Structures are given as structure tokens and as C-alpha cells.
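For reference, the chains in residue letters:
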Amino acid sequence: MSLYGVMRTGVSGMAAQSSKLATVADNIANANTNGYKRAKTEFSSLILGNSSGQYNSGGVTPHVRHAISQQGAQVFTTSSTDLAINGRGFFVVSDGNGTPYLTRAGSFVPNGAGELVNAAGFKLMGQRIDGATPAIVVNDLQGLQAVNIGQTALEATASTAGTFAANLDSNADAIAAPATLPSGNAATAAYEATSSLVAYDNLGNAVVLDVYFAKTGPNTWEATVFNRADAPAGGGFPYGAGPLDTVALTFDPANGRVTGAPALNIAIPGGQPLALDLSQMTQVGADYTVMRASVNGNAPSAIRDVEISDDGIVYAVFENGERRATWQLPLADVTSPDNLIPQAGNVYSLGLESGDVKLGAAGQGGLGGIVSGALEQSNVDLAAELTSMIESQRSYTANSKVFQTGSELLDVLVNLKR
Amino acid sequence: MSLSLALNSAQTALSVTSQQTAITARNITGANDPFYSRKTANVATTGLGSTYVASIGRAQDQALYARMLEARSDAAARTAHLEGLGRLALTVGDPQDDFSVAGALGAFQNALQMHADGPSDPILAGAVLGRAQDLAERLNLATRTVQGARATADAEMATSVGTINDLLARFETVNRAVVAGTAAGSDVTDHLDTRARILTELSQEIGVTTITRGDNDMVIYTDSGVTLFEKTARAVTFERTFAYDAGIDGAAVFADGVPITGPNATMAIESGALFGHATLRDETSGVYQKQLDEIARGLILATAETDRLNDPPVLAPLAGLFTWDGGPALPPGTAAIDNLSARIRVNPGVDPAQGGDLTAIRDGGINGAAYDYNPADAASYSGRLQGLLGTLGAQQPFDATAGVDPDTTLARFAAGSVGWLEAARKQADAEAAYQVTFLERTQEALSNATGVNLDEELALMLELERSYGASARIIAAVDAMLDSLLQAVR
Amino acid sequence: MKTSFVSTLGVSNATRLSLVKSQSELARASHELSSGRHADVGLKLGARTGQSVELRQELARIETILDTNGLVSARLDTMQAALSNVQGTAEDFLGVLIAVRENAQAAEVVAPQAELNLKGLVGTLNANLNGQYLFAGIDTDTPPLADYAGPPASPAKLAVDAAFLGFFGFDQDDPAVAGITQAQMATFVDTQLAPLFADPQWGTIWSSASDENLSSRISGNEVIATSANANEQPFRDLAMAYTMLVGLGGDGLAQPAYRELVERAIGLVGGAMQDVTTVQARLGVAQNRVADATERMGIQRDILTRQVTGLENVDPFEAATRVNALMSQVEVSYSLTARIRQMSLLNYL
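Residue numbers (the numbering used here), protein chains in the order written: chain A, 67 to 484; chain B, -15 to 474; chain C, 3 to 351.
Just chain A, same shape as in the assembly:
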């Protein structure tokens, strides 16, 4: 019995080593596969029941483990949609049937429909941002949609807020009769300074706003805004329609700063109400100088590029330089990443032992940040694999020697009867 046992033990050893060799082969083959996680073979012994006088050899059984939680080195690329994760999170991807998987292989490129697809053909999943960023459902992969960075229409944004800060000359003379203030919109209107700003209406048409500043008395000024479209040919007063808004500015003679928080509340024709903040205006003894001038909103324009921030927000960059958040990329995590079930294409599906999936925004709770323009390489080390290969080759040979020895002993035994 035990002689056969020896031979079987030898066979089990050879089988185990060949299994290990298979993982080594796999590792070496995928040494340059992005997002590939090294497989390693662990052995466990099988012991048969033994009596005191007799030893029955058992065997060995291989267990394959994947070093999924071990992060690979990052290489940098020139594509902004090549993504890597600095931490323990996973991208959520789905196959053609909509089955969700997890992966760290982030070499995404847009396909014909504008969906981001990685090298193995899995679509990147995320949440669309429409206005406010939606809350992430922590444990549900089904609520996610395939991220689509293709453009369906020209996008315009109406202006809603702006800031204008300038210095007004404290030594200017107040507007005196017969000249009138710009707010009166008369041909005799006079002013100390004017600037224009571009705002956008709902359809993204540029609305040029003429902002006039006129001194009304010591430390008091008047800011008036007109729509350029109403201006007479060649500029100047009077405008075809009255001012869009006017506000009095009072400056503190102690430090030249404006008191209160004045703002021009402008009803953009065909657009949203625009609050132009004037609270940073100053009035000191220097020439009219504009310090800050900005109004949000953008004209209709095409998406030029995609930028992905490290917290997983996908921004569409428009031709005119505007940026808009369009998608949120959640990262997934499981309790035991090494127990995820590897599937073809560097993806992992959830198994019983991996624990439940948790979703979260990048950068939160150890999920790690997203690095745009980088790829995670496989965590295979060739030298280690080659070493294990030699080791396993030697073990295999040794096992075969055991088998050979058993076989030769059986031969001797059979030759006992002649």
C-alpha cells in the first residue's frame, strides 16, 4: 500500500509543481499587462492516517492566490483618459451585458459612442453630474452608468455671478450741471470711467454690459450698467433703453474701501439674473484702474478635451476654455481584495470571500486618488518569477525521482517471483 502511496505522493507533488509553473507562466506572460495582478501558488499538505508502525505518505494540494491588493508601479502616458489609482480602490467597469466588474486596468479610450472603454473592452462606469454632484450609493453597482464623454450638443451656460473691482480716482470732480448722471440716460450724461464686461444669456449669446462710474459727491459714486445692444451707433448716450441697474457706492474716507457690499443686480435680457459684486471697489488717489473683472457663464462651444481630477470628477473642457464637471467616477473597494475572483481582461468579480462592495468618491477613506495620464503596471517581478520557475522545476524533478524510485521498488517487488 505504502509503495503506491509513495508514487501517488510523487504524482501529487508533480501536479502541484506544474500548477505553480502554470501561474509562473501566466505571470511572465502578463508581466507587461497593465493592471495585471500576480498569481501565486500556495501549497498545503495532505496527511493520511498513520499507525505507529507504518507511515502512509499523503500528498500536496496547490492553492492559487492573487496579489490583488499589491499596487504596481505607475508609468506616465500622454493620454488624459489613462487612469491609475494611488490607493486600494478599483474602477467600476461593466461588460457588454451590463455585468459590473472591478478593475485597476485604467487604459481607457473613448469608443465610437463616446464611452470610455479599456483595453479589454470594459466600459468605465460613473455617475452623471447635472448641476449638483449626486450622492454616491454606497453599496450598489447597478445605479452607475457608462461614462460618456462624447458630445451630444453645444453647451452654453448663462451668467449668474460676477465680480468687478476697480479703483476710482478720489480726486475726480463730481458730475455737475449741465452734465447729468449716466443713470438719467440723457444725451448730457457724463461719467468718470467706464468698462465693459461680457455676460451670456440662456442661449449663450454674449451680452456686453457697459458699466459707468460717475462721482456724485465726496466719497459717493454711482455705478450704472447698460446693455451695449441699446447703445446708439458710435457709442455714448442716450441708450435706447434705460439702465439695467444702478447702485450708489459710498466709500469710507478713512481707508478708501467701499462700505457695505454693493452689487449690481442685472437682469440679463433673455438670461438669468446676474449679481455683479462691487464690494471690492476702492476709491484712493490714483487713476482709474481695473483690478478684477470676471463674469461666469460661457458661449455655446464644443468639447475640446476631457480632464479628470484626482477626486474622480470628469471635466469637459470647452473650446473657449470653460470647464464643466460632467461625470463622477466612484471607486469601489471590498473587504478582502485578494479574494476577488479574477476574470479575463484584468477584471475581478465579487466572490463570497471577497466581502461586499463599497463605493466611494476617490480620495476618501483609503480608496486612493485617481492619477490621470498614468497607468498601473503589472506587479509581476520577472526575477522572482524566474526564480520560482527554477525552484518549481527542481521540485518537479525531485517529485519525479520519488515516483521513479517508487516505481523501481515496485519493479524489485514484482521481480521477487520469478
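Source of the hints: derived by calculation from the structure; they are not laboratory data. Note that this is a predicted model, so its numbers are computed, not measured.
Simulated crosslink set (EDC-like; lysine to aspartate or glutamate; CA at most 20 Å straight-line): (1) Lys46/C / Glu415/B; (2) Lys121/C / Asp163/C; (3) Lys121/C / Glu93/C; (4) Lys23/C / Glu415/B; (5) Lys467/A / Glu457/A; (6) Lys23/C / Glu67/B; (7) Lys46/C / Asp82/B.
A few chain A positions that, by computed beta-carbon distances, are all more than 12 Å from chain B: (8) Asp92; (9) Asn122; (10) Pro166; (11) Pro335; (12) Glu419; (13) Val423; (14) Glu474.
Where is the CB? At the ideal position from N, CA and C, for every residue including glycine.
Use these hints to put chains B and C onto chain A, whose structure you have.
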């Protein structure tokens, strides 16, 4: 996995080194481009030993650059003004050549003096007529020159406005590329160079101030605060005036609907070629023209004929040797009359070629017998001629707004006008020389701060070569190590 | 991130700009050296260009007045000579008259000489310089006096003849003249002849000259009379004296009547000689003033010339030094540029 990591690090190092070499090559190419700013690769490392070029930096010095823009605008304004004054100074020439109105006036007076000594000599009378015609023509020519200078300045302004609009349009394109590139995190340094170049060219034409907003978005204002560019280029408009005379005011330049040149500009610009041309067209030429008009008026008044029949005179004095298109009445009032220097001419009554009589220079009487100083037609009567010399040499009141001492003789006024013009030119020349030198110094300082030093780039290149070699050596070493491992597999 | 403090462009630009500057400065300096004047007078002088222009005009005016003063003195000299001539003739004639006044045959001696002298006086007073009749006052285009005897006979002769005929009832050639008494003759001379030599008859029958003398501006502000005219008293007196002895019957007259004429002629000539001296003195004063003014303006001209030169000209030594300095500066710039060009890391790699 450390061997693979070493290989990976070496590989990224190679890529970074080659990118840095590319930037060095760019720097060397741009070494002689005055608008090129030196680029540098900002290298970052990640946790696992790999390095990458995180961004490309551009040497800049905002304060120096702003100063350079300012100096360029000032230098352009002064130079443009000086050029215009040079054109006006053509009416003066070298004092040696007596080409100026003052010179012609002197020659005329001398001819009168000669004639006064030989009143009977028709050759001397002809000489007086010739000098008088010369003087009138010199005044006419001076006016044409001045108004021509104004028309030239007007044309220059139109060119300048065209250039400004063109530059602003180009600026819009480049600025959009800069903003979009900055938002997308791509390398916008070359666009920034182009934008700086456009802005520099713009500052040549008009004084500008800028503010930079988020995403490198730039807003341009004139030095007086009028918006030139904010997301979109604002229109700068100018209506050309093709023909000028003293009574015609040139049109103002409007930026963003606001007049920025001329007497009615609330937010008038203070520098740039546009300003220099506008100053010449609207101010300097006007004053100089007024002086010429005053010389013409003084000349007509000094040579007027008075009533000889009645004492005290009953008939109004009328234009004598010199007259104008409003003649024979004298120019009214005591203020300068627009264009008089273009309208003055020698009275046809003394020009035989126009049916006149030369002896009228000696005798007067161009306006009829009542104004005849020499009714007996005595051949050597010199009273009128001496009288003319007297009135020409006497003090006259001139328009006080003409910029020259108003209570003086005609000759001194004419000489004063020359002095006024040359003083303005000398001052403009000194200012222009100062501003140009200042601009050169600022440009040099800016070039030193942001430009490329070839030696430095070469030294950097040697360094890069070394680091590339070292990285390659690491790859070779790892390769050799793996090789020996593979040889172990038999 | 920037380690160097100088850019390659900055280095080459600095040398280039200084070179360009020095070269244009050199061009200007060498032009000034060769011409002796500022390259751009207007730019250099600025407001003082007006002064320069004014000085030049003043200078030209002085030159002109100096020219005209030359003409004036030539005229005055000629007139002085003519007057001296008249004076001499009168003096000689006076001597003759005094010598012959007691002589019965005086008329034979006196008449031809008086006729000659009258011709001479007319000729002298009709003296002409550059087409101008010197003694015509301002009426310089017509000879002031006509030849008395003619032919054709002058209006003066006709008037004298008519007066004689009207007073005595016969003409001068008539033998009846011998019957004229001294008193008759005296009355004729006083009432008939004398008015012919006084205004207004003098102006119509004798002289076409203007009473107004030529006036000239001899300096900036001096206008003086610079001539005498044929209407001056001595010329009338002389003409009258000569006429009396020529045209009133002469040797036909009885001794007392003729003697009356001679006596009166002596008086007239004597007075006229004094008056001619007065006229000469007047012209002499004018000559003096012209000479003074000329001298004064000569000095003024020198001063003005110096001032103009001082304003417009450059110091040739200074200009030469400047040219030399600039040339060595340019040379240094050249060699410096060449050396900076050579100084490159490239040469050592």
C-alpha cells in the same frame, strides 16, 4: 518586484530626460527670439520611484514685463510725436537757408528797404513783388505742410487703429488657446509667448494695462482704463478725415464706444503711437497753424492802406500789398483766423502779370484814389515804403493763444514761432531719446530675466546627457542580471 | 529655476545697440566736424532757433541797409561835388561882376559868361545818377530844369520875354531898351521878374522838381532827408542873377539900367553863395549821419555774425575730439563684439 521597478524607474527617467532635452533644444532654438521665454520642465516623482514631467514652466517676470510694455508705449508715443514735429520742422529748415516764413519775411523787408532807397527803380519794385509773392507762397506752403502733417498723422492713426483691431483679434484666438490649454493642463507656454508678443506689439500702438484672471485668461484695458479685451475683443473705431485745413478737427478714436483721443475724451489714453499721432494732429499742429495764421494776419494788417483824403480818416483801412480771399476788407477781430495763412496772397493790384501796377507798391492806391499816398506820382516818393517798413517793424497785438509772446513785432513773432516749434522738437527728441533708452534697458533686463543663455543650456544639456547615460546603464545592468538568471534556467 | 543673470540675446543686443548708437553719433560728429555747424541746428538749439533766425534776419537787414547806405553816400558825394561846382562858378562870376560893375562895356564881358553859367547851373542841377535826377526832389524821373535859351526856348525864357514885353511895351532886342531908366528897371525886376523866381511861378515855368527831398532809412530807425532839390533858394537866386544879365536886353541897356542889374546880380549871387553853403552843410550832416550809421552797423554786423556763429557753429576742436573718442569707442565695441562672439561653451565641448 524590485528589478522590474528599477527597470521602470530607469525607463521613466529616460523619458523625462529626453523631454528635458527637447525643451533644451527649444530653448536653444529660441535663444535669438526676443519674445521667447526660457522653458523649464517641472519634474515630479510618484511614490513608486517613477518620475514624470508634471508641467512645463516659463520664465517670467510680471513686473519687468509690465514696465517694458509701459516703456514701449511711452517710447512709441514720443517717437511718433517727434516724427510729426520733424514734418512740421520742414517749414523751418536750417536757419542758414532762410527757408522759414521768418526768413521769407526778412527777405521781403530787405527788398522793401532796397526799394525805399530807390523808389523810382522798377527792378527794385519787381524785387519787392517777388519777395512778397515768395512770402505769401511760403505761408501757403507752410500751411499745406502743417495740414499735410495732420493728414499724415490721421492716416497713421487709421493704420494704428487697424493694427490694434488686428492684434486684438489675434489676441482673442491665442488667449482662447491659452485658457483652454491651461484648463486642460496642456503645455501652453508657446501660446503664452505668442500672447506676450501680441501684447508687446499692441503696446507699441496704444498704452495698455492688463489683469490676469483664472485659467490664465487675460483682460486688456487702455492705460486710461477703457476695456480693449475681455473674453472678446472690443472694437476700436476711427473715422478717417482725408483732407485737412485749420478749421477741420480730426475725428476721435473710440474704444469700446468711449472716445480715447481728442479734446472731448473723458478717458484719454496717454501713451502709444496712437497717442503721439493724435497729440500732433489735435494739439501741436493746431497751435503752430495758429501762429502761421497770425503771421498772415499781422502781414495783412501791417501792409494795409489807410484813407489819405480825410484826417481823421473816414474810410476804413483796406488790404494793401497783402490781401486774402475776404479782401479788400481787413481780417476782422483780434483773434487768429482759421486758414488765413493759406488764404493770404499778394494783391493782384501790384502784379503786372495780373493786370496790376508795380508802382502801387510805392504809391499805394490799390483800393482807389482815396488811398493813394503819392497822388503826384513822384518817381522817388518813398514815404509809403518807409511807412511800410515802419509798420512792419512796429509792435502788433497777436492772438495770445498762439503760444508766442503776443505783443511783439511781426519779425519777432515769426522768429518766435520758429523757436516755439524747435523747442517742442528738442523737448520731444530728448523725451524720445530717454524713453527709447529706458525701453532698451528694460528690454535688456527682461531678456536677462526671461531669455535664454546658450552656455547655460549647453551645460544643462551635458548634465542631461550624463543622466541619460546613467539611466541607460541601469537598464543594461538589470538586463545583465536577468540574463544571468535566464542562463540559470537550462 | 533661472540660474543665469544674463541672456545670450541680452549680451549680443547690448553690444549691438551701443554700436549702433556710437555709429550714428559718429556720423553726426563727423558731419559737424566737416561743416563746422551743428548737424541739426533746430534740434540742437531748440527754442533758441528762433533767436538764430531772428539774428540772421537782423544781419540780412543790416547788410541791406549797409548796401543802401553805400548808394546814399554815393548820391550825397555826387551832389556835394555838383554844389561845389555851382559854388565855384558863382564865386568866379561874382569876381567878374565886381570887377566890371563900373565898366560901360560890362555887358559884353558879363552876358556870355552869365549865359554859360546859366547853362552850367541847369546842367548841374539836371545831374543824373543811375537814371535818377539828383536835384529833382522825389520827382527823380524828370529833369528838374529845362535849358533856358533852347532851342526850343524854355517856358522860363518865354515868360521872361512876355513879362518884358508886357512891362516895357517892346522886346529885349528893340533899340528902345536903351531908354529904360534905372528906376524902371528896378521896378521891373521887383514887380515882374522876381515873382517868376518865386512860388508858385517857379514851379510852373522853371522847375519840375519836387520840394520834397529824398529820404532814406540809414539805420534801423533813422529816416533822414538825403538830397537837395532844384527849388532851393540859392538855385533860384543864381538863376535869377544869370537870367537878368542874359535875357534883359544886355548891352542894349543904358549904363544906369544895366548897372542896376549888375548890382542886383552881385547881391543875389553873394546871397546864393551863402545859401549853397547852407545846403552843402545840410548834405554834409546827412553824409555824416550815413557814415556814422554805416560804421555803427558794421560793428553791429560783426557782433551779430559772431552771435550767429556762436549759436549755430560747433567748436571744431571739441568736434574733432568727439570724433576721435567715438572712433576708438566703436573700435573697442567691434573687438568686444568679436570676443564675446568667440566666448561660447561650444568652443570647449
